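Hey, can you work out the whole structure from these sequences and the hints?
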Amino acid sequence: MGETLLEIGNLHVEFKVYEGRLRVLNGVNLSVQVGERVGLVGEAGCGKTTTMKCVLKILPSPPGKITEGKILLHDKDVLTMGSQEMQRVRGHGISMIFQDPTAALNPVFTVGDQLMSVIKYGSKGSLSKKEIKKRAIGTLREVQLPDPERIFTNYPVQLSGGMRQRVCIAMALSTEPELLLADEPTTSLDVTIQDQVLRLLNELVERHGTSVIFITHSLGVVREMADRVYVMYAGNIIEGARKEELFANPLHPYTLGLMNALPKLTGGGIAEGIPGRIPEYLDPPSGCRFHPRCPRAMQQCSQSIPPVVYAADDHDVACFLYRGETDE
Amino acid sequence: MNNKILEVEKLRKFFTTSRGTVRAVDEVSFSVEEGETLGLVGESGSGKSTVAYTVVGLHSPTSGQIRFKGEDISRPVSKRPKALKQSIQIVFQDPGTSLNSRRTIQQILELPLKVHHLGNSRDRKERVGELLERVELPPDYMYKSPHSLGGGERQMVAIARALATNPKLVILDEPTSALDVSIQAKIINMLLRFQEEMKLSYLFITHDLSLMRNVSTRVAIMYLGKIYEVAPTMKFFSNPLHPYTKMLLSSIPVVLPEEEAVKPAKITSEGEIPSPVNVPPGCGFHTRCSEVNGICSQKIPEMMEVEPGHFVWCHLFPVVTNPTNSEKGVSV
Numbered sequence: 001m002g003e004t005l006l007e008i009g010n011l012h013v014e015f016k017v018y019e020g021r022l023r024v025l026n027g028v029n030l031s032v033q034v035g036e037r038v039g040l041v042g043e044a045g046c047g048k049t050t051t052m053k054c055v056l057k058i059l060p061s062p063p064g065k066i067t068e069g070k071i072l073l074h075d076k077d078v079l080t081m082g083s084q085e086m087q088r089v090r091g092h093g094i095s096m097i098f099q100d101p102t103a104a105l106n107p108v109f110t111v112g113d114q115l116m117s118v119i120k121y122g123s124k125g126s127l128s129k130k131e132i133k134k135r136a137i138g139t140l141r142e143v144q145l146p147d148p149e150r151i152f153t154n155y156p157v158q159l160s161g162g163m164r165q166r167v168c169i170a171m172a173l174s175t176e177p178e179l180l181l182a183d184e185p186t187t188s189l190d191v192t193i194q195d196q197v198l199r200l201l202n203e204l205v206e207r208h209g210t211s212v213i214f215i216t217h218s219l220g221v222v223r224e225m226a227d228r229v230y231v232m233y234a235g236n237i238i239e240g241a242r243k244e245e246l247f248a249n250p251l252h253p254y255t256l257g258l259m260n261a262l263p264k265l266t267g268g269g270i271a272e273g274i275p276g277r278i279p280e281y282l283d284p285p286s287g288c289r290f291h292p293r294c295p296r297a298m299q300q301c302s303q304s305i306p307p308v309v310y311a312a313d314d315h316d317v318a319c320f321l322y323r324g325e326t327d328e
Numbered sequence: 001m002n003n004k005i006l007e008v009e010k011l012r013k014f015f016t017t018s019r020g021t022v023r024a025v026d027e028v029s030f031s032v033e034e035g036e037t038l039g040l041v042g043e044s045g046s047g048k049s050t051v052a053y054t055v056v057g058l059h060s061p062t063s064g065q066i067r068f069k070g071e072d073i074s075r076p077v078s079k080r081p082k083a084l085k086q087s088i089q090i091v092f093q094d095p096g097t098s099l100n101s102r103r104t105i106q107q108i109l110e111l112p113l114k115v116h117h118l119g120n121s122r123d124r125k126e127r128v129g130e131l132l133e134r135v136e137l138p139p140d141y142m143y144k145s146p147h148s149l150g151g152g153e154r155q156m157v158a159i160a161r162a163l164a165t166n167p168k169l170v171i172l173d174e175p176t177s178a179l180d181v182s183i184q185a186k187i188i189n190m191l192l193r194f195q196e197e198m199k200l201s202y203l204f205i206t207h208d209l210s211l212m213r214n215v216s217t218r219v220a221i222m223y224l225g226k227i228y229e230v231a232p233t234m235k236f237f238s239n240p241l242h243p244y245t246k247m248l249l250s251s252i253p254v255v256l257p258e259e260e261a262v263k264p265a266k267i268t269s270e271g272e273i274p275s276p277v278n279v280p281p282g283c284g285f286h287t288r289c290s291e292v293n294g295i296c297s298q299k300i301p302e303m304m305e306v307e308p309g310h311f312v313w314c315h316l317f318p319v320v321t322n323p324t325n326s327e328k329g330v331s332v
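As they're listed, the protein sequences go chains A and B. At position 261 of the first sequence (counting the first as 1) the number is 261 in the working numbering, and the numbers step up by one without a gap. At position 260 of the second sequence (counting the first as 1) the number is 260 in the working numbering, and the numbers step up by one without a gap.
The hints are simulated quantities; they were obtained by calculation from the structure and are not laboratory data. Hints may be right or wrong, so weigh each one.
Claimed, not checked - What the simulated footprint calls covered on chain B by chain A, stretch by stretch (three residues with Cβ under 8 Å from a Cβ of chain A suffice, anywhere in the stretch; the number is not a length):
(1) 142–149
(2) 185–194
Unchecked claim - Taking beta-carbon pairs under 8 Å as the criterion, some of the chain B residues facing chain A (in silico):
(3) Val135
(4) Leu137
(5) Asp180
(6) Val181
(7) Ser182
(8) Leu248
(9) Leu256
(10) Glu272
What the hints assert, rightly or not - Only pairs whose alpha carbons sit at most 25 Å apart, straight line, appear in this in silico PhoX-like list of lysine-lysine:
(11) Lys243/A / Lys79/B
(12) Lys114/B / Lys144/B
(13) Lys263/B / Lys243/A
(14) Lys125/B / Lys79/B
Computed from a prediction, not measured in an experiment: that's the story for all the values here. Every residue, glycine too, gets a C-beta built ideally from N, C-alpha and C.
Here it is, written out as structure tokens:
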């Protein structure tokens, strides 16, 4: 499949705090092909957002520190880029949509001001003020906001949550990025509004041929948004597969546990869930970080980190249960 | 049918603001039967939490009546007798703010016991240990403070606090929507177990229909301060009638093909919920409805019992004027 746009390899991130070192990312591997929609699923605190912040190099440092790993954008390591080059990446290469559109927008500037500054920054002075405004209103129209001329002059507080998220999408796409990082963009929205925003995102991404990393805690949402899905737990990618494959044939005990814990529209009660909670990063479990909660843990699980094995057609899993099958 | 623990009749709660009157709850009627779970489902701004707060007594109703075991309790909590407050408890959405971070878990769980004069100090401590055991937390948690607990554990403490006074009716206001699914599963199962053991009745407020499919006995859908459809859970999901219900159900992201199959035909979601200050005339949903016609913007639809126990408020289901339906005895 096509050309690789982004490749994250063996990414380790630590946070220095008073009590010691929080070892959050523990060797994250992830890749995105050109034009692909990748879903990254995991529960709160598993390191999804931290991974994305590393890609944009906006991880607050200190306390955060990338101790190991590489992030290749078109075979060029983002981590070794200078600040000027990085600005270019943020201006044209990668944009991000955040979870809470209210916090992402500045309350004291109008929607138009904020959108224009993004376009102005991305265009590097090649556009006149009039052209910038025209393009800003154009992007507002593209995200299907009613009456874009009026919304251009509105402040964020005058808009509803769904409309604010549309403004954020307009901003993220106004620079025509190659890769869009969408960090739980619909989590704070109602289900009918979520439906609208997901549809809009899918439409726009398809029209512009943008690659996407879609972060969410909801398996249902990822099923609607992604071609390929990675499941993350406590700083590791534990399973990755094409969407159809993953939902038809989940392998990792954690993925299975998540699927079972979800209330289904077909009824049948709710499974017991996964015992325990996500580990402390100050002193994470040895070996596989899921082993203290895993119903099928074996002795070796606490001793060494399970390697990623190729379990089926384009389906990778990091679990000792699947070692024997197709070890490559 | 006379074992209704809670009856709400034509409840109205309006708030006066500088921009006009917010019609948060407008003529809502429903009841909760003993031992059942009524799921009250709606999007943000639909008024479902206002209903919950009014039932508990945090708001006093603008008009209408709330009856608990037949007794009129339509007044704020300060004017309710203590025994009544003991019987109706609430669990809030966010355990991070509903527990006092300057108190220990023991102090938090003891407070309702002190207020209701349940036991002396030794009994109380014993009871706190018992409550912690019930929600499957280790006994030494009583010396901890809420901020050292995880989100799921905090919610379990909040549930233990609600159960401390042996209530009859518990209002659950989105108790798991701030939590991860693996923890949600644990808490929901625990709540179901308590319901059976303690013969509790639940008014379960949520926006999650998939959860309601698995938890509730009946489901009521609220939109813009009004109820639009009420039905026993099975009927609600197998035969949804109101266009809004269908839109909601078809918008839910699901994970299994079998779930996809039970969703109604896709109704593309349009528009947003209007402001409760400026409620549209007629049926409140007509601005987003896919099957809107002339009458919808003029007349508020009346309640129609389409099949036994399945009520809908929609002009697509006009009330047939025959004596059995127009009789006053029919209630939700």
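Going down the list of hints, with the structure as the test:
1. Under the rule that three or more residues need a Cβ within less than 8 Å of chain A, the assignment of the segment 142–149 of chain B is violated, with 0 such residues.
2. Proximity of the segment 185–194 of chain B to chain A, defined as three or more residues with a beta carbon under 8 Å from a beta carbon of that chain, is established by the 4 residues found.
3. The closest approach between the C-beta of Val135/B and any C-beta of chain A is roughly 14 Å, which is over the 8 Å cut-off, so the hint fails.
4. For Leu137/B, the interface hint is violated, since its Cβ never comes within 8 Å of a Cβ in chain A; the closest pair sits about 12 Å apart.
5. At about 4 Å, the closest approach between the beta carbon of Asp180/B and any beta carbon in chain A falls short of 8 Å, and the interface hint on this residue holds.
6. For Val181/B, the suggested interface contact is upheld, since its CB lies about 5 Å from the closest CB of chain A, less than 8 Å.
7. The beta carbon of Ser182/B is positioned within 8 Å of a beta carbon in chain A (closest approach about 4 Å), and the interface hint is therefore held.
8. For Leu248/B, the shortest C-beta to C-beta distance to chain A is roughly 6 Å, which falls under 8 Å, so the interface hint holds.
9. At about 7 Å, the closest approach between the beta carbon of Leu256/B and any beta carbon in chain A falls short of 8 Å, and the interface hint on this residue holds.
10. Proximity of Glu272/B to chain A holds as hinted, the smallest CB-CB distance being about 6 Å (cut-off 8 Å).
11. For the hint linking Lys243/A to Lys79/B, the alpha-carbon distance of about 57 Å lies beyond 25 Å, and the restraint is violated.
12. For the proposed pair Lys114/B and Lys144/B, the alpha carbon gap of about 20 Å is at most 25 Å, so the pair holds.
13. Between Lys263/B and Lys243/A the CA atoms are separated by roughly 20 Å; this keeps the pair inside 25 Å, and the hint holds.
14. For the hint linking Lys125/B to Lys79/B, the alpha-carbon distance of about 30 Å lies beyond 25 Å, and the restraint is violated.
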